[in-house]
Structures are given as C-alpha cells and as structure tokens.
Amino acid sequence: MKNIRKMLYLEAKNFLTGPTVWMGVAAILLFGLYGFYYGTQLINHQEMTINSIADVQKKHLDEVVEHGHGKPAGSTAYYPFFYTSNPASPWARFAIGQRDVNPFTLKVKMLAIEGQLYDSELTNPLTLLVGNLDAAFVFVFLFPLLIIAFTYNIISDEQESGVWKMVSVSNSSIAKSILLKISIRLFAVLVTALSIFTIGIITLHLPLSYPTFQLGVGLLLYLLFWFGISILVVSLNKSSSFNATALIGIWIFLCILYPGIANIGINSKVPVPEAVQTAIDQREGYHAKWDLPKAPTMEKFYAFYPQYKKYPIPEDRYSSGWYYAMQFAGDLESANSSEILFAKLQERQSLSQVTGILNPVIGIQQLFNKVANTDLAGHVRYLNSVKHHHRNVREYFYPFIFEETLTEDLNWHSYPAYKQAGYFQENVSSNVTSFMIWTLLLVGCSVILFKRNFIHIQA
Amino acid sequence: MLEAKKLTKIYGDYVALNDLDLSVKAGEIFALLGQNGAGKTTTINLFLGFLKPSSGEAYINGISVADYPQEIKNHLAYIPETVLLYPNLTGRENLEYFSALAGFDYNKQQLGELLASAGLQHQAFDQRLAGYSKGMRQKVGIAIAIAKQAKVLLLDEPTSGLDPKASNDFSEIISTLSKNGTAILMATHDIFRAKEVATHIGIMKQGNLQAVVKSSDISANELESLYLRTV
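These protein sequence lines are chains A and B, in that order.
Counted from 1, the first sequence has number 177 at position 177 by UniProt numbering; the numbering is strictly sequential.
Counted from 1, the second sequence has number 26 at position 26 by UniProt numbering; the numbering is strictly sequential.
The set of hints was computed from the structure by calculation and includes no laboratory data.
Keep in mind that a hint or two might mislead.
To be verified - Chain A side only, calculated, beta carbon under 8 Å to chain B, not exhaustive:
| no. | residue |
| --- | --- |
| 1 | MET1 |
| 2 | GLN159 |
| 3 | GLY162 |
| 4 | LYS165 |
| 5 | VAL167 |
| 6 | SER170 |
| 7 | ILE174 |
| 8 | SER177 |
| 9 | LEU179 |
| 10 | LYS181 |
| 11 | ILE182 |
| 12 | SER183 |
| 13 | ASN453 |
| 14 | ILE455 |
What the hints assert, rightly or not - Output of the computed footprint for chain A on chain B, the stretches with three or more beta carbons under 8 Å from beta carbons of chain A:
| no. | region |
| --- | --- |
| 15 | 77 to 84 |
| 16 | 139 to 152 |
| 17 | 173 to 180 |
Values in this document were obtained by computation on a predicted structure and should not be read as measured data.
Ideal placement from N, C-alpha and C gives every residue a C-beta, glycine not left out.
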C-alpha cells in the first residue's frame, strides 16, 4: 500500500510537471470563467428586462386607459398589451440552452392568441450557428478536448521515448502500471472539473439543491464517458499520432457531425410547418368572418361562453362583443393546427431524447438544459402559461365589453395576475443511465483490449 | 539462470533467430557478440517477453517466458543501450519509482546508497533526469537493476556510447553483480569489453549462434580473430 502511494505520488509529479498539463488546465479555467461571465451577463440582462415589466405594464395600461376616456371598454380593450415573462431558473446561467433564441417575454393583446405566440425578436444568426460560450459549452465541448490532451499518449509517449520498456520490465503487473497512469489522469481531470464546477456554483449563485446535484452527477458521468473513449483508443496500442487523430476524429463526429445529421434527420422526419399554418389559419379564420353573417361566429363563441347570449349582437353593424367573439373563433379555427404543432414539437423532443441516448454529447446538453429549464419543453410550458393568461385576461374583460362599460368605469389593473410557468423538476434518469451504460461498455472493451495488446506477448 | 531451447524467431521469410540453445548459470556472464542484425537484441527481447518466439522456449529461473510473461519480470532486470527514464523526476525519484514498481520500499538513504553503488555522483541524486548525460542515466539504470535484487540481468549493448571511464566503471559493477550470483546475458559489439567481463562469449551471425568460447580459454587477440573469421 505504501508502495502504491509512493508510485501514485511520483506518477502524479511526473505528469503534473509536464508543461502541457498546466496549459490545458489554465485554458479550460479561462474558458470556464468566461462561460460563467457570459451566462451571468445574458441572464442578468434578461432579468433586468423582466424586472422592468411591471412598471412598463402599468404605465402602458394607464396611457391606454387615459386615451380611451369616454369610450366603451370594448374599444379601449383593443390597444393594451398584457405582458408575460419567463424568468430564468438559477441554473440557466450555467446552461443558457434556447433562452437566447426563444422569447423570454411576450406581450399579448386580447385578440386571437395563436398568431401572437410566435412573435419574437430576430437573433444574431452568428450566435445561432455556433451556440453560446456558456459554462455548459465549456463542459460539453471543451472538457473532452482536455481529456484527450491528458490521455492520448498515456502509454504511447513512453513507448516512443523508450521508458515503457523499463516500466514493463520493472514489475510483474503491467496492469498495475497502466491503472496508475490512468488513475492520475482521471484524478487530474476530475479535480479540474470539480474546481471549475465549484467556482461555477459560487459565481453563478447556484443553489445547493437537487438540480445542482443533477448537473454535477451528469457532468461526472459525461466526463467518465469521454475518459472511457480515450482509454479505449489508448488500449488499441497505437502511436501517439494515431491516438490523437482518432480521438479528435471521434470528437468531431460526436460534437459536430452527429448532432448536425441528427438535426437534419429529425427535421425531415417531423416537419413543423404548423407554426406558420397556425398563424395563417387563425388569421384566415378571423378575416373571413368580417364578411360572414355574425350569428354563426357568435354561436361558436356561445358554445364556450353561454352567459353572453343575453347581450344583443346587431347583425348590420360593428359591435365589440362580436369583434372579440370573432377573435376567439379565429383561435378555434386554428386550434387543430396548434395542437398538431405542439404534438410535433413533443415528437421532436422525443426523437431528440433518443439521439441523446445514442450520443452522450447530445445527452448531456439535454440534461443541462432540462435541469436549467432552458430546453424546448421549458419554452412550451411558458407558451402554455401565456395562453392561460390570455384566457384569464379575456374572461376578465368580456363582461365589461358586452356590458359596454365606459373605459373609466372599470378597474383595468384588476385583471388576474400572470402566473409564471415556474421551475419544473425534470427527470434526467434516461440520460444518466445511458451515460453509465456507455461508460461501462467502453471500460469493458478497454479492459479486453488492454489484456490483448499489453498483457500478452505480441507475436 | 537463463536458458534457451531451440529458440527461434521468424518474421515472414526472415529468420531473426534460429534454434538457439543457450544456458547462463548463476554467477556467469554470457556475452553475445555479432554484427548488427545477427540476432543479439532479438535474443534479449525474447527473454524479456517483448517478443513471442516462433518456436522453442526461453526460460528464466526455470519459468517459461512464453507461458508466464508477467511472472518472469519478478526475476530479471534489464539495462538497454540507452536507459530512458522519466525526465521530470530526479535520479533518486526515478529509482524510487522503479523500485516501488518492483515491490521494494527503500528509504531516501537507501536510495542514495544504491545510486552511489552504481557510481552516480552525490550532487546528481536530486537533479532532474532531463539534465543527465547518457552515462549518468546508465548508472541510474544500473541502480534500478541492483535495487531489484534480480537473479537474472539482461544487458543490451549497455556500454555503447559511454566514455572509457564510464565503461570501465560499468564493467566493474557487472562483475560484482556476477560474483554475487547474478546470471548475466549481455549483447555487445565491444569484443575487448566482452573478453574483460564475460565468463562465456558467443558469436552470432544471421540468427545463428556460431561459436561459444570460455573467456578464460582465449586471449583477446584470438577472440578478435575468431570473431572476424566467424562474421
């Protein structure tokens, strides 16, 4: 045991005194710190916008109401926006996910909802292409490169320099020597990762709760997966240049090619024109009704809101009650497209989940984004909360519209408050299980190859 | 002891070693002479278990190398032509590491004594190996071999590139080890060094052991003549 400690110490000293180790660690640390800074900046900016919403909403509503003095509520109700927001979870600073491309605030009018859900700002296309350099990026894409740099020449370097002959002659258990070298590198990778992750927890103010634990466990298993890949390549007993080329090739495939191919595959298997179609259906459903008799439109509305049947709707002229019923009918017309859209998004999500099981690089991104609630599912939950709020707002104002209450005679601020989607605790067990299975497979194959290529005499 | 029975190594059509029969007993130093490609290093590598024989057997202390390639490592030490160790560690640390690998636990003083017995100067003990000369590294290699207390020592051109003083020191250490009961097999180009330290000398040509003589039965000049006639 004392000898093992002694060898571990000397092996570590030999490894750590190499200049490349510290260069790699310094580079990953710098990227990590930048990732924390970037994530914090982006989410802080979003939070600043979200925090300003209450004041903006009040001011906007006051202006609309002032402008609408003396007019019926139905006329004034056309103008106000009702703001909603999707606040970031504490873990969004770690994994920005889709928060930079999906809207984190939406303002909706009391008009038909469907067309308003898909309004969003244009995003910098360059950022869309490369993604964000957040903490997740550093761990998902850059850490594997550090693992490759640490491991690609574990044995081959000593073989090429001639030290390996001395090592293999000096002891009766070559497996022990290999294990020592692997352990030191694994330890170095894990200490580096743990240090950067801990800095992340502190600087990003991540709560010490279950989701942070999920991030940590996912990260640990993901790093073990990459370590397994590296060890597998090393176990082939090839040259350093072969190992480096093979590992970089695998990195390119898993991190760039596979996700790109999978994305194309999923998009072509589950095309989603419905977002556009939903908006078109809703607009057509709404516009067509200007030229149609009002009664059929109102019947559709009364089917959901029979309490408003008592209010007369003149057939020969405009009325606010009919106008908002028509907006509602537009949503009904597009309901089918909307349902298909959400079903297809769900189908895409399921297919992505499968690709994530097959490729842990995708799997870990899904895990991070799930935990951070910055994935597509998180955005869909937000859209549903917006729909819910839109309904609450409509239903609050309908009585005043049908009663033709004067603008100044009702409290415009008393509509039901927007209820945020809130944090949703995701289940990441399928991702975690796939990491474990992959790692075990890789380690198992490596052990077999190490025995074949290093323990037994080569012909 | 070391023993080869009909040991053969063939690469395709090329016979690197052909039906080698050889025995080196405890206390003997067997020097293999021969030109490049004669099969000296192949013989050493077959005893080390680095190569699988095409036919025949190699034994270390009666243990088959082919059957127990890991087990035999406990019984032998090896010094190559150029001893390559960890450049980021000091001489003492390298010795400590390789001794620990072999299962020995030496303290700092013992490590120093081992290095000193191999002829390394005190001030070099705690310097990084990266700054060592070839001769100094060779001495650390000897210290590693001594530290292992192996009963079999395999040397592959160990004095190649060493200055005369270092070569002479090396020969003395080898002789001491031999007197202590170590069986030593040494591949070398140096006829006169072989004559000086070896108890037996074999001359190889194209994978065949052409001649074996007792060092005490032959003068240096006769050995040179025999060598030139044989190769």
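Tested hints:
no.	hint	in the structure
1	MET1	violated, 10 Å
2	GLN159	violated, 11 Å
3	GLY162	holds, 4 Å
4	LYS165	holds, 6 Å
5	VAL167	holds, 7 Å
6	SER170	holds, 4 Å
7	ILE174	holds, 7 Å
8	SER177	holds, 7 Å
9	LEU179	violated, 12 Å
10	LYS181	violated, 11 Å
11	ILE182	violated, 15 Å
12	SER183	violated, 15 Å
13	ASN453	violated, 13 Å
14	ILE455	holds, 7 Å
15	77 to 84	holds (count 6)
16	139 to 152	holds (count 3)
17	173 to 180	violated (count 0)
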